[in-house]
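K.L.:
If you want the building blocks of each chain, they are given just below.
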Amino acid sequence: MSDAAISLRGVTLMRGDRPVLTDVDAEIAPGEFIGILGPNGSGKTTLLHALLGLIPPASGTLRVFGAPPGRAASAIGYLPQKRSSLSDFAMRGRDFIGSAVRGERWGVPYLSAADRRNIAEVLDLVDGADLAERPLSDMSGGETQRLLLAKALLGKPKLLLLDEPLMSLDLRFQAGVVSLVENVRRRLGLTVLFTAHELNPLLGVMDRVFYLAYGRAALGAVDAVMTSEVLSRLYRTPIDVLRVGGRIVVVSSHGEMDIHAHHDHGHDHGPGHSHA
Amino acid sequence: MGPAIPMLEYEFMRAAFLAGAIVAVVAGSVGYFLVLRNLAFAGHALSHVGFAGATGAVLVGVAPLWGLVLFTLAAGTAMGLMGDRLRGRDVAVGIILSLALGFGVLFLHFYTSHATQATSLLFGNVLGVSLGGVRDLAILALVSLLGLAAISRPLLFATIDPELAEARGVSLRLVSVLFMVVVALAVAEATQIVGILLIFALMVGPAAAALQLAGGFRAGIVLSVVFAVGQTWLGIVMAYVTDWPPSFWIAFLSFLTYAACAAAPRPLPGRR
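Sequence order for the protein chains is A and B.
Those letters in the first sequence? Residues 1 to 276, per the numbering used here, in order.
Those letters in the second sequence? Residues 1 to 272, per the numbering used here, in order.
Honestly, I wouldn't trust all of these hints.
[To be verified] FRET-style restraints, in silico, Cβ to Cβ: (1) A:R187 - B:A92: 46 to 54 Å; (2) B:A150 - A:G60: 34 to 42 Å; (3) B:L8 - A:S85: 39 to 47 Å; (4) B:V222 - A:G141: 26 to 34 Å; (5) B:A138 - A:P19: 35 to 43 Å; (6) B:L142 - A:G60: 49 to 57 Å; (7) A:G176 - B:R135: 26 to 34 Å.
For the record, the hints were derived by calculation from the structure and aren't laboratory data.
From a predicted model like this one, the values you see are computed outputs, not experimental measurements.
Built from N, CA and C at the ideal position, the CB exists for glycine as well.
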């Protein structure tokens with residue numbers, strides 16, 4: 001299907017000499033919200049980098065809006081996992097977002113009146129109008145995340161690649177970021193790929209889950225992928241999937257360890273959780 | 001303002017103010033990106049590599065400035081090629097820095113009247129800059145400022161958002177090399193004022209202070225330049241008044257400026 005937002009056919013991705021994903025097929029339709037899950041090192045970030053055109057597939061065909069990844073870069077908004085180290089500085093939100101404007105051209109940076117309007121617009125989309133004038137050093141974790149999301153929305157992308165936007169946010173901020181992304185996706189009709197360590201914050205919001213583990217991948221509805229059968233095949237070891245009060249917990253059948261580890265007091269979140 | 005007029009009757013004082021201003025403009029603006037890119041230590045190391053070049057140049061009868069430029073350019077290009085891998089390599093950088101200093105000492109050993117030469121290389125000698133020296137500094141300054149202006153937009157993009165910049169066609173390696181070439185020239189210039197050991201005072205202090213205060217990119221560079229020129233000129237004046245070395249005053253004022261900016265409360269609306 002050439003009208004897919006993203007298509008992978010027999011794609012193998014390498015990090016140096018190490019294969020990260022092997023022979024993966026997947027098709028993602030425009031407007032879908034895809035949660036990318038999987039253990040550390042399973043290739044979530046590598047996949048996003050490949051979609052940006054930073055890592056060419058070792059084999060197979062990768063298409064973004066029907067074109068090779070590099071050529072679609074201007075249609076992609078990206079929120080990196082590696083946070084910039086600027087949080088000590090007084091740089092204002094507007095200038096931080098503006099650093100990407102025409103950034104690929106030589107010369108001195110400047111923001112035209114139209115650029116400023118565009119920046120104000122993306123900040124409005126994330127309810128962050130006040131962040132334009134605020135220094136980075138004064139922003140909380142949640143505010144920084146909204147600023148980064150606004151930055152990813154600059155330039156009217158059709159596809160958002162969000163790499164661990166929930167990392168190091170506490171639970172109540174996590175729910176806020178997820179519903180914010182969902183609102184923006186609906187309003188702008190974006191395709192969203194959202195990597196996360198934990199599935200539960202994305203339940204009820206994502207259309208499908210793209211689960212990566214040990215080089216293999218499964219893409220499908222949550223109920224179809226988050227099963228003992230599918231995950232045991234990916235992990236090549238017996239896996240149990242438990243449903244506890246509306247939450248999904250993945251454990252190795254050998255131990256009691258939650259494979260997605262660290263939501264220290266995750267169950268405080270309660271069974272009656274609601275994700276808008 | 002008693003001493004202000006008589007001070008300028010001396011040619012060496014006029015040359016010092018001119019040279020100080022030229023170099024401070026370069027150091028302030030290049031330093032802004034150096035601090036933003038978290039490469040302050042690389043700038044420090046570059047100056048030490050330059051020491052070997054400067055003493056080597058003296059040995060073969062060339063002006064130390066050109067030996068400095070040659071060595072910092074070579075080392076800067078190598079660092080630029082390493083790009084991101086430079087970060088976290090403090091040990092390797094530090095060992096190469098010591099090696100360069102060691103060679104500098106060796107070259108000095110072969111050069112007979114080394115004591116004053118060594119002191120001015122290590123700690124700077126702004127009062128010893130000739131009018132011809134000012135001209136050389138102006139040419140170097142022009143080259144590095146034009147270079148910085150040409151690369152500053154992709155440099156900012158690559159600094160803040162490297163993956164996206166690369167995806168949009170910015171060559172991170174090219175930007176990194178070009179920037180380190182500009183840094184190399186700026187370092188070579190700054191050593192003429194504060195010497196290789198006090199390079200932080202001119203290239204890092206004012207920029208780091210400006211980044212604590214300025215919200216905008218342009219405001220940041222302007223403030224960094226204002227701090228650098230201000231502390232250099234005031235340092236020269238204080239040296240004239242007290243007869244203490246100008247490099248001491250510049251380093252001291254750099255410290256004061258940074259400390260004041262780092263401690264300054266920011267008048268902001270409360271957190272939400």
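K.L.:
It remains to establish, for every hint, whether it holds in the given structure.
P.N.:
Now the hints, each set against the structure:
Taking the beta carbon of each, R187 of chain A and A92 of chain B are about 50 Å apart, inside 46 to 54 Å as hinted. As the Cβ distance of A150 of chain B to G60 of chain A is approximately 40 Å, the hint placing it in 34 to 42 Å holds. Checked against the hint of 39 to 47 Å, the pair L8 of chain B and S85 of chain A passes, with Cβ atoms roughly 44 Å apart. Between V222 of chain B and G141 of chain A the C-beta distance comes to about 31 Å, which sits within the given range of 26 to 34 Å.
Taking 35 to 43 Å as the suggested C-beta distance range, the pair A138 of chain B and P19 of chain A does not conform, at roughly 56 Å. Between L142 of chain B and G60 of chain A the Cβ separation comes to about 51 Å, which falls inside the hinted range of 49 to 57 Å. Separated by about 60 Å at the C-beta atoms, G176 of chain A and R135 of chain B break the suggested range of 26 to 34 Å.
Of the numbered hints given earlier, the model fails hints 5, 7; all others are met.
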